[in-house]
Amino acid sequence: MPDAGITEVDVVIIGGGPAGLAAGLYAARAKHRSLLLEKGVIGGQIALTELVENYPGIPSVNGFDLAQTMHKQAEDHGLETRYEDVSEIEQRDRKWRISTGAGEIRTKALILTAGAEYDKLGVPGEERLTGKGVSYCATCDAAFFKGQDVVVVGGGDAALDEGLFTTRFADKVTIIHRRDQLRAGRTLQDRAFANDKIEFLWNTVVTEIVGEGQVEEAKLRNVETGEESTLSTAAVFVFIGQHPNTDFLGKLVETDVGGHVIVDDWMKTKLPGLFAAGDVRQNSARQVASSVGDGVTAAIAADHYISDAFPD
Amino acid sequence: MAKPSDVTDGEWEAEVLNSDRPVLVDFWAPWCGPCRMVAPIVEELAGEYDGKAKFLKLNTDDNIETASRYGIRSIPTIMVFNKGEAVDQVIGFRPKGDLKKSLDKAFA
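Line by line, the protein sequences give chains A and B. According to my numbering, the first sequence is numbered sequentially starting from 1. According to my numbering, the second sequence is numbered sequentially starting from 1001.
Don't read these hints as lab results, they were simulated from the structure. Check the hints yourself; a few may be wrong.
To spell it out: a stretch of chain B is covered by chain A in this simulated footprint if at least three of its residues, at any positions, have a beta carbon under 8 Å from a beta carbon of chain A; those stretches are [said to hold, decoys possible]:
hint: 1; stretch: 1027-1033
hint: 2; stretch: 1067-1074
hint: 3; stretch: 1087-1093
Just some of the chain A residues that point at chain B, by a computed CB distance under 8 Å [what the hints assert, rightly or not]:
hint: 4; residue: Lys39
hint: 5; residue: Val41
hint: 6; residue: Ala47
hint: 7; residue: Leu48
hint: 8; residue: Phe64
hint: 9; residue: Tyr83
hint: 10; residue: Gly131
hint: 11; residue: Gly133
hint: 12; residue: Ser135
hint: 13; residue: Thr139
hint: 14; residue: Cys140
hint: 15; residue: Ala143
hint: 16; residue: Gln214
Just so you know, even glycine gets a beta-carbon here, dropped at the ideal spot from N, CA and C.
Chain A on its own, in the form it takes in the complex (with noise of 0.2 Å):
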């Protein structure tokens, strides 16, 4: 075994989303010694946006940009970032130790911002056929689907963004929805019902995914007459919602039945120096910008809270 180092900080923010990259900045303007622990991409579920028109003062940019743009930020104020992956978490001596596989990390606050994963469809196929026509990325994949017909699951923000994205270069985008009506914001779903290429099938549900090495056809089921049917299809796009991402956590704090960490209006959990913003929150808005807010919250409360726990 390598001998596994030992860094202390002040400030370790768990997750790089919008609302760890806020909480970043702050913590790090606030002159905390401050470390981002980040598992995969940058920007978390905005990374893969492909365009985020909603974000106070700027009208319209690509979410890896946006991304990007507030991580050198942060990182120009002082953030530091790792890429491990947290694997145990524990408080001693009133400080946060947390585990990765590079190492310890011990660090005065802890901000949880791990945000949110898509949920799967759960159906026969859809693991097999993963990077082979079945994706939760449309902004990623839908490019190799040219001139074809794909299927888009969802009825939410996420599934008309994607959907209409997809549009670009599917001949056709089947919409299949379980209700007869449409969670998605109203810009988007006027723009989606004017979309020639996009056409709905309400009360529908996905029960399989079929195909030899690629998605060739889904299984679909009416969820009101039961009626069962076939559509040929060369991708299924998957955007039927989200659970946070609190697995790692165990029974370190408490969660709703979503999963979701409860936090007070400060951001903070029961637990002294742990606090949870963004996507991982209970109640959160779930958009960037309110993200953002949290993020930043959370990294004030965490300034205020080691100013009264840790007086030098």
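Following the hints, position chain B against chain A.
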């Protein structure tokens, strides 16, 4: 330091299938956000495996033939070849350790 170089449909056979060293190919496209995150990791690996393995990247927009030949339907996709045969494939953004493991299969 060795940097991954571009490979095209036309060069595929000579550069990948007939290579005397194991080859890692990064399938990417300019519009793909996560591909931009994978690129620096592949560059680091190229430095670490300098002389031992060859590192190439294939732009799937410009080289549709190769991308469809290997059924690439999602990028980034990393494929590892040894003696003309695909030994492993990694789909989507993964940390460096995973890519290293995948590449090491060519040396097993």
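Kindly indicate which numbered hints from before are broken by the structure, ordering the numbers from low to high.
none
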